[in-house]
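The hints should help you fit chain B onto chain A, whose structure is shown.
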Amino acid sequence: MIRPFFLRLSLPVLLISFLAACRTGYAPTQANYGNQRITRDLATDSALFFLIKPYGDSVDKSMSRVVGTVRNTLEKDQPEGTLGNFMADAYLTMGARQFQQPIDAAFVNYGGIRLNQLPAGPLTLGKIFELMPFDNVLVLQQLSGVELQSFLDLVAARGGWPVAGIRFTIKDKKAIDVYVKDKPLQPTAQYWILNSDFVASGGDNAEMLKVLPQRSTGYLARKALIDYVLFQSQQQGFVGAVLENRVRYAQ
Amino acid sequence: MLSRKNFLRQSALLAGGLLSAPLVGEALEGASAYRLVILHTNDTHSRLDPFPMDGSRNQGLGGVAKRAQIIKQIRAQEPYVLLLDAGDIFQGTPYFNFYKGEPEIKAMSYMGYDATTIGNHDFDAGMESLATQLRLHARFPMLVCNYKVDGTPLEGNVKPYQIFRRGPLKVGILGVGIEGKGLIPDQLFGSTVYLDPIAEANKVADTLRKKEHCDLVICLSHLGNRYTTERKVSDEDLAKQTEEIDLIIGGHTHTFLDKPLVYTNKKGRDVLVNQVGFGGILLGRIDFEFSKFSGQKILKTEKILISSKTVG
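Those sequence lines, one after another, are chains A and B.
Reminder that position 32 of the first sequence reads as 19 in the working numbering, one-by-one numbering, no gaps.
Take any residue in the second sequence, count from 1 to its spot, add 1: that is its number in the working numbering.
The following block holds chain A by itself, in its conformation from the complex:
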């Protein structure tokens, strides 16, 4: 009785052992992590340094030009930050000049702010390029109060975007207590709203804007920033923006 049982049991085992012997491989048993911080004191690969130097020199020739002075460091933040307010102010002020018509509000999509800070001190053209590297143009759209509310709800759900011309409160991912140029939002009124063509074309899931006609003069968002830096420098001698509770979270 025992012998046949053993045979029957061991046959598949032998078979598996045989199959196993057919192939050997390697399997990870341990992983050691250790990210390396790239700091100033590290040595430089001079061959690569000189490979990119001609590109850098050419870029620097125009990009190192100082266009203004930042008085207080501007910070990117939600629901509101000084850097975002600076950009929204620039789009609203320069956009109104460019389109030669009143504009009710200008928005900046938060993800489109590509620097976390503009440090106090000289502001170079290169910094503006880093802040707004995209070749987006400013686009004007007419929205009903209902459509504007729908767009503001998207902005609220995304944690709040910089805006000039509107203030509102975010509660349960919706925009409430909305004031456009200090007047409560009217569902039936029409509003002229400025965005980058990225957002106006449905970027960041702004589907409600995608269907609306766009007015554009081909004015680059980055050009608006540069023009505003020159404008502010002329008006007040420095570049800046303040927090004004334009967008806040409900208590």
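Think of the hints as simulated: they come from the structure by calculation, not from any bench.
Hints are not guaranteed to be accurate.
To be verified - With a Cα cut of at most 16 Å, we get these calculated EDC-like pairs of lysine to aspartate or glutamate: (1) B:LYS182 <-> A:ASP184; (2) B:LYS267 <-> B:GLU244; (3) B:LYS101 <-> A:ASP122; (4) A:LYS40 <-> B:GLU103; (5) B:LYS182 <-> A:GLU194; (6) B:LYS149 <-> B:GLU180; (7) A:LYS161 <-> B:GLU231; (8) A:LYS40 <-> B:ASP50.
To be verified - Partner residues aside, some chain A positions facing chain B, computed with beta carbon under 10 Å: (9) ALA18; (10) SER33; (11) ARG209.
Ideal placement from N, C-alpha and C gives every residue a C-beta, glycine not left out.
Chain B alone, transformed into the frame defined by chain A:
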């Protein structure tokens, strides 16, 4: 007498018992152990120079010439190295506005990158421009398995995966890209078709493991680490819902991870996820220790021992 069912069960138990023999003991058997060093970046965003010394948070950090030197040193010490990137090579400094990616790709080729995937901002100068830069200057593949690029300028310039050999080790690397809708303007994404990254990654990883018998399967991902409010597929989802991926090198969300995240996949095996912020501030490093196994034992290593290492 044993019934056939019981007999099979008993055999399976016995086989299982044999196969789960102590792995560590075998790993110590001299020449059967190998180390593979994975170095990686993500979202370098045209940051060729270190961040300028202007008082901002990251001043003085990063820079390709310093990164290159570190990589050189590591390669001098370690025989088996893979240098990888998870996309968004482009856009962020005037270099890109001026040169559309030429110096970025040249620098990566110089550093000896083995592979990258495609980020949403790598579309920013258009697919034609990206294809040209890759064709002229890239000595590494751009890997993406969930974008159908037939008939676009990227056709023939990207591929789903590539297999790398490092000594006796066979490593399969694939790439996944993020959904273009709402993120990449239509005119830039063109007729590229986005496919479900989890389904596609599973298919490719399955091939790499079972047909190609890769010892390690790595996915370069530009999906993003994880999402709380948005309903987007993340590296977390990918890690949990795949079967044959060992390591995900992530990007897009600019997430700084102090150490790799560890998830359990559909087969109950460990999957590591790492991401190193943005701008080349960090060079990610994970050293995998490999042991030689036979047959089914290879599939039995469920847990990977993870620990920090002190890097010089």
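Hints and how they fare:
For the proposed pair B:LYS182 and A:ASP184, the alpha carbon gap of about 15 Å is at most 16 Å, so the pair holds. The straight-line distance between the Cα atoms of B:LYS267 and B:GLU244 is roughly 5 Å, inside the 16 Å bound, and the hint therefore holds. With a C-alpha separation of about 12 Å, the suggested pair B:LYS101 and A:ASP122 falls inside the 16 Å cut-off, and the hint holds. The hinted pair formed by A:LYS40 and B:GLU103 meets the criterion: a straight-line CA distance of about 13 Å does not exceed 16 Å.
For the hint pairing B:LYS182 with A:GLU194, the CA-to-CA distance comes to about 10 Å; that is within 16 Å, so the pair holds. Of the supplied pair hints, the one linking B:LYS149 and B:GLU180 holds, its CA atoms being roughly 12 Å apart against a limit of 16 Å. Taking the CA atoms of A:LYS161 and B:GLU231, the gap is about 15 Å. The hint holds against a cut of 16 Å. For the suggested pair A:LYS40 and B:ASP50, the alpha carbons sit about 10 Å apart, so the restraint of at most 16 Å is met.
Nearest Cβ of chain B to the Cβ of A:ALA18: about 5 Å, under the 10 Å cut. The hint holds. Taken as an interface hint, A:SER33 checks out: its beta carbon lies about 7 Å from the nearest beta carbon of chain B, inside 10 Å. A cut of 10 Å between beta carbons decides the hint on A:ARG209: the least distance to chain B is about 9 Å, and the hint holds.
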